[in-house]
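Student: One letter stands for each residue in the lines below.
Protein chains: 2
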Amino acid sequence: MQLPQHVKLVDVGPRDGLQNEKQAVPAAVKIELVQRLQDAGLTEIEVTSFVSPKWVPQMADNAEVMAGIQRKPGVRYSVLTPNLQGYEAAVKTRPDEIVVFAAASEAFSQKNINCSIAQSMERFRPVVQAALAAGIAVRGAISCAVGCPYEGEIAPERVELVARLMRELGVQHVGVADTIGVGTPRKVQRALEAALKHYDINQVSGHFHDTYGQALANTLASLEVGIWQFDTSVAGLGGCPYAKGATGNVATEDVVYMLHGMGISTGIDLDRLMDAGQFISDALGRKPHSRVSNALMAKRLS
Amino acid sequence: MQLPQHVKLVDVGPRDGLQNEKQAVPAAVKIELVQRLQDAGLTEIEVTSFVSPKWVPQMADNAEVMAGIQRKPGVRYSVLTPNLQGYEAAVKTRPDEIVVFAAASEAFSQKNINCSIAQSMERFRPVVQAALAAGIAVRGAISCAVGCPYEGEIAPERVELVARLMRELGVQHVGVADTIGVGTPRKVQRALEAALKHYDINQVSGHFHDTYGQALANTLASLEVGIWQFDTSVAGLGGCPYAKGATGNVATEDVVYMLHGMGISTGIDLDRLMDAGQFISDALGRKPHSRVSNALMAKRLS
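Which chain is which? The protein sequence lines are A and B, in order.
First residue of the first sequence? That's 1 in the UniProt record's numbering, and the numbers climb one at a time after it.
First residue of the second sequence? That's 1 in the UniProt record's numbering, and the numbers climb one at a time after it.
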């Protein structure tokens, strides 16, 4: 099969990444991170989340960050909105896209958001309706699409069910997320194929974690079924709350390196991206969680 | 294409790995590492190197290690022999296989072993002849098969040339090694295909470094061209001398996790392998360079 010639990466570092970092980051730093990512060529950035600051204090500055970013034509700025209250706060900040999420695992849904998968869908229904009525794009994230920390392996049929429910709600795009990074190439392909039963190839993206080092192999396996959109996180921002000492989101730098090496365009300048990753890593007081960045930075210094 | 159903891994940790670690490891520890690897199910282990202790003091205990290992039927014990003098010392220790090596890069050959590629081949000729006459298997390693720290990208034609020369010498198997880890899936496939012009699919293996995090994606890409033999290094032993702060050999644990997750057998028990990796990492006073090991060890402790 011919692989996609172009790949779109959505950098989820400012939201998914920083939300899972222990250290708080000032709004000004987040705003500069978004600026650096768009300067590096990213065309979609998950900026922040409109959730209760009681649960996610790291994102309490959501409106401030959205107000502070310098929007660039052609770049899409998305925000996470877990419920109608969050959506109403979010919409005032003019996002281009909102993100809703549901788990493919009942146990994870219960433990993470304290309701069943079906209940989580009902909670999203008014959010999706309001967004679509306002002309705002809606993306759905299917978490634990390959494995769950409580249930273990997740059958592709679970992913298909959530994809079908999302389709029925009017969600326009789904991301298949291996939240705990346990997936391997064939399992990831089966999860993607399950989503593809209800969405077309331009409406499904992959979201992989590098906890077990599998993210790039899974990305390659996804390209082989035609997937050309992926969530990645600059500097690998975001640890993995379910596996201590392990890395979480795959680093944007590592994915870009692989794609460019394969002759697949991304529109991203790897050098500027690495600088963005170094900038936020400096703010966090650690090295980037990116093998490419660490290898190339060592070369720059040698 | 149907992927291979079974993969053979050659653990190069005791030789290629420990040779590139700064700390010296006592012979007794190396012997126990070999024991633990064969107990975990490895069927080929690169044990040591017969090179001048002036250049590689870490392997000065080569004869002691070879004498100390408890050989297990069905396991192949290989040693590196860069020249006839090394071979003559090695043969007394009864290796099942010897390994000779040449670079696909002229500059690397000159800087690493101080001679041209053609000269390195001439140096191996008597070694290969002696080994074959003695009924000892001969494997050839083609280093810098994708990129070189001095020359940059390496054309597949360079790999093909070295493979042809090795074939002419009588070398029975070649390993295509991305010594500095810069390779990405398509480039690696082209390098393997170059070697496959002179060797059949059962005579070519892949040897990847995780310096840029590409090793598992490259392994998957290799499976897709039918390659079913790989060199890996328990606990990711062996740093990368050409990229400070970077990881080197891909961890056997990470490869096994991916393969088993894909339903491909290896004969290896991942738990026992992780214990072997933890054992040698403890001896080196650091954590394993394996994402799988770090994630699963954290789970064991939680």
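These are computed hints drawn from the structure, not numbers from a lab.
Treat the hints loosely; a few may be bogus.
Copies of the same chain are indistinguishable here, so a pair counts whether it falls within one copy or spans any two.
Computed list of lysine-lysine pairs in DSSO-like fashion (alpha-carbon distance at most 27 Å, straight line) [stated by the list, open to error]:
1) K287 with K111
2) K54 with K8
3) K299 with K22
4) K111 with K8
5) K197 with K22
6) K299 with K287
This one's a predicted model, so the numbers in the text were calculated from it and none came from an experiment.
Student: Indicate, hint by hint, whether the structure satisfies it.
Tutor: Each hint tested on the structure:
{"no.": "1", "hint": "K287 with K111", "in the structure": "neither (32 Å within a copy, 31 Å between copies)"}
{"no.": "2", "hint": "K54 with K8", "in the structure": "neither (34 Å within a copy, 52 Å between copies)"}
{"no.": "3", "hint": "K299 with K22", "in the structure": "between (30 Å within a copy, 20 Å between copies)"}
{"no.": "4", "hint": "K111 with K8", "in the structure": "neither (32 Å within a copy, 41 Å between copies)"}
{"no.": "5", "hint": "K197 with K22", "in the structure": "neither (38 Å within a copy, 53 Å between copies)"}
{"no.": "6", "hint": "K299 with K287", "in the structure": "both (15 Å within a copy, 24 Å between copies)"}
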